[in-house]
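Visitor: Given chain C, work out where chain B should sit, using these hints.
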Amino acid sequence: MSWNRKHLLDIESLSPAEIVTVLDTARAFKAVGERAIKKVPALRGKTVVNLFIEPSTRTRISFELAALRLTADVINFTAEASSLKKGESLKDTARNLEALNADIIIIRHSATGAPHFLSRFLRGSVINAGDGAHEHPTQALLDTFTIREHKGKVEGLNVTILGDILYSRVARSNIQALLKLGARVTLCGPSTLVPRVFEEMGCRVTYDVDAAIADADVINLLRIQHERQRKTMFPSIGEYTSLFGLSKARFARTRPDVLIMHPGPINRGVEINSEVADCDRSVVLEQVTNGLAVRMAVLFLVNGGKGPQEIAQ
Amino acid sequence: MSDATVLMTAQMMHRALARIAHEIAERNEESRQVILAGVPRGGVLLARRLAKLLEGIWHHPVPAGTLDVSMHRDDLDQQIAPMVHQTELPGDINGRTVVLVDDVLCSGRTARAALDAIHDFGRPRRIQFAVLIDRGHRELPIKPDFVGKNVPTSRHERVDVRFSEEHGEDAVRLKRTQPL
Numbered sequence: 001m002s003w004n005r006k007h008l009l010d011i012e013s014l015s016p017a018e019i020v021t022v023l024d025t026a027r028a029f030k031a032v033g034e035r036a037i038k039k040v041p042a043l044r045g046k047t048v049v050n051l052f053i054e055p056s057t058r059t060r061i062s063f064e065l066a067a068l069r070l071t072a073d074v075i076n077f078t079a080e081a082s083s084l085k086k087g088e089s090l091k092d093t094a095r096n097l098e099a100l101n102a103d104i105i106i107i108r109h110s111a112t113g114a115p116h117f118l119s120r121f122l123r124g125s126v127i128n129a130g131d132g133a134h135e136h137p138t139q140a141l142l143d144t145f146t147i148r149e150h151k152g153k154v155e156g157l158n159v160t161i162l163g164d165i166l167y168s169r170v171a172r173s174n175i176q177a178l179l180k181l182g183a184r185v186t187l188c189g190p191s192t193l194v195p196r197v198f199e200e201m202g203c204r205v206t207y208d209v210d211a212a213i214a215d216a217d218v219i220n221l222l223r224i225q226h227e228r229q230r231k232t233m234f235p236s237i238g239e240y241t242s243l244f245g246l247s248k249a250r251f252a253r254t255r256p257d258v259l260i261m262h263p264g265p266i267n268r269g270v271e272i273n274s275e276v277a278d279c280d281r282s283v284v285l286e287q288v289t290n291g292l293a294v295r296m297a298v299l300f301l302v303n304g305g306k307g308p309q310e311i312a313q
Numbered sequence: 001m002s003d004a005t006v007l008m009t010a011q012m013m014h015r016a017l018a019r020i021a022h023e024i025a026e027r028n029e030e031s032r033q034v035i036l037a038g039v040p041r042g043g044v045l046l047a048r049r050l051a052k053l054l055e056g057i058w059h060h061p062v063p064a065g066t067l068d069v070s071m072h073r074d075d076l077d078q079q080i081a082p083m084v085h086q087t088e089l090p091g092d093i094n095g096r097t098v099v100l101v102d103d104v105l106c107s108g109r110t111a112r113a114a115l116d117a118i119h120d121f122g123r124p125r126r127i128q129f130a131v132l133i134d135r136g137h138r139e140l141p142i143k144p145d146f147v148g149k150n151v152p153t154s155r156h157e158r159v160d161v162r163f164s165e166e167h168g169e170d171a172v173r174l175k176r177t178q179p180l
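If you read the protein sequences in the order shown, they are chains C and B.
Just so we're aligned, residue 1 is where the first sequence starts under our numbering, counting upward by one.
Just so we're aligned, residue 1 is where the second sequence starts under our numbering, counting upward by one.
Among the hints, erroneous ones may be present.
[What the hints assert, rightly or not] Examples of chain C residues toward chain B, derived with CB under 8 Å:
1) Trp3
2) Asn4
3) Arg27
4) Gly33
5) Arg35
6) Ile37
7) Phe300
8) Gly304
[As the list claims (entries may be wrong)] Computed beta-carbon distance windows for the label pairs:
9) B:Leu115 / C:Gly87: 51 to 61 Å
10) B:Lys52 / C:Pro55: 56 to 66 Å
11) B:Pro63 / C:Glu286: 37 to 47 Å
12) B:Glu139 / C:Pro195: 58 to 68 Å
13) B:Leu115 / C:Ala99: 34 to 44 Å
14) C:Gly152 / B:Gly168: 45 to 55 Å
15) C:Arg120 / B:Gly122: 39 to 49 Å
16) B:Pro90 / C:Gly238: 47 to 57 Å
Quick caveat, the hints were computed from the structure, so don't treat them as lab data.
Here the structure is a predicted model, which means the values were calculated and not measured.
From the three backbone atoms N, C-alpha and C, an ideal C-beta is built for every residue, glycine too.
Extracted from the complex, chain C is given alone in its bound form:
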């Protein structure tokens, strides 16, 4: 048991022991979701604010349900219908939310470091739900949780992340978490989206998709982030699919116990063949279930105060 943090801002600053603490805690919360009564009073009386400046459906719903299952009150704040549209700064928005006695603020923002910025002046806890192309820590935690549940461990596994790495906060957080837990990480995709600079983090970078998936225990497919690309990074979707998409032919050459993962939303027929996405090696929907458990665990852990470590008898 090792957790003494008020915020969850990124994976980069977490120790392997802290990551394992979240994963172990999430296991107990996953069991809560399988009961007839799927609710515990751990965050009773707490106010959680979903401050989503960048559009998101699945992550926001997952955080919202996680907070509700812990008996917190939840407010959703979206960019479309907010005072930010009227010219209010992020700092002022956050301070206004705090004036409503928010205890935990979950932020998604297109700017890297926005959660870190909030954590410097807010009294409550801040959870990063995705900041620009920087990090998406709860996604990496739910991905490693899913891998550990299926493979029993993360250490020593070959994990291939395939697709748009450059613009992907999911990739950055996953790389950090996987390397900290001792996995071997291979990155693959178009050279414009998978720069060699990632080798400095300790990853293998290859542009040969067959080499990347042949010995993989886990293949994590990433969506092409059209919305984040300022210019065209590859000639066409059709060419991407034929060169890097996980087709049935390519899937047939993977290990029989390979785990196929995708953070969603899936573009069927682009990065993954539709049948492969639904096959028994695909854990895409389990990732959604596990995301809820991991987010409950994170909310539970950051809610812990700064008092003595020892629990009273």
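Guide: Using the frame of chain C, we list chain B on its own:
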């Protein structure tokens, strides 16, 4: 270890558990309705041992499980988040007699959390409460049904229960956590 007083030797622990098992048997004529629920971590090991002893008395299997109380604590924002365990109750608790088992009873707050946690899994016919050590200092109106040993303690002391399954020995010691 020099400032630790032995409260119970292995033999005393075994005798106390045997007595508690007999008291549970005496109180529960419908033996097949009884299900034991241990509070992690010590209570889980005690519940298993009591189940074994009860099986010797009743001559049928006695279910024993784990009841996590950490999500129901009332002090979650006053200290670092506690370790959570997975609740594993063997079978339906509706209409049954649940014997809650913990190693040390002090403020009663853990027991209060346990009572709430049990009700997330159903509505038992009744709940009874067994503890190895009752050290006093109650902060809630909670009273155990079965007690291994009453030990008047100071708040600056800590009751350390050790189990052969985990620590290689059975013993209960009283430790001073602050100088007098």
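Visitor: Given a cut of 8 Å on the nearest C-beta pair, is the interface hint for Gly33 (chain C) held or broken against chain B?
Guide: With a minimum Cβ separation of about 12 Å from chain B (threshold 8 Å), the hint on Gly33 (chain C) is violated.
Visitor: Take the shortest C-beta to C-beta distance between Asn4 (chain C) and chain B; is it under 8 Å?
Guide: 6 Å, holds
Visitor: Is the interface hint satisfied for Ile37 (chain C)? The criterion is a beta-carbon contact with chain B at less than 8 Å.
Guide: OK, holds: Ile37 (chain C) within 8 Å of chain B, min 5 Å.
Visitor: The hint says 47 to 57 Å between Pro90 (chain B) and Gly238 (chain C); measuring C-beta to C-beta, is that right?
Guide: 56 Å, holds
Visitor: Can we keep the Trp3 (chain C) interface hint, with Cβ of chain B closer than 8 Å?
Guide: Holds - the Cβ of Trp3 (chain C) comes within 8 Å of chain B, reaching about 6 Å at its closest.
Visitor: Would you check whether Arg27 (chain C) satisfies its interface hint, that is, whether its CB is within less than 8 Å of any CB in chain B?
Guide: Holds: closest Cβ of chain B sits about 6 Å from Arg27 (chain C), inside 8 Å.
Visitor: Do the beta carbons of Glu139 (chain B) and Pro195 (chain C) sit within 58 to 68 Å of each other?
Guide: 60 Å, holds
Visitor: Once the shortest beta carbon distance from Gly304 (chain C) to chain B is found, is it less than 8 Å?
Guide: 3 Å, holds
Visitor: Return holds or violated for the Cβ distance of Pro63 (chain B) and Glu286 (chain C) against the range 37 to 47 Å.
Guide: 30 Å, violated
Visitor: Let me know if the C-beta of Arg35 (chain C) comes in closer than 8 Å to any C-beta of chain B, holds or violated.
Guide: The hint holds - Arg35 (chain C) has a Cβ within 8 Å of chain B, the shortest such distance being about 7 Å.
Visitor: Using the nearest Cβ pair, does Phe300 (chain C) come within less than 8 Å of chain B?
Guide: 6 Å, holds
Visitor: If I claimed the Cβ atoms of Lys52 (chain B) and Pro55 (chain C) lie 56 to 66 Å apart, would that claim hold in this structure?
Guide: Because 57 Å falls inside the window, the suggested range holds.
Hints 4, 11 and 14 from the earlier list are contradicted by this structure; the remaining hints agree with it.
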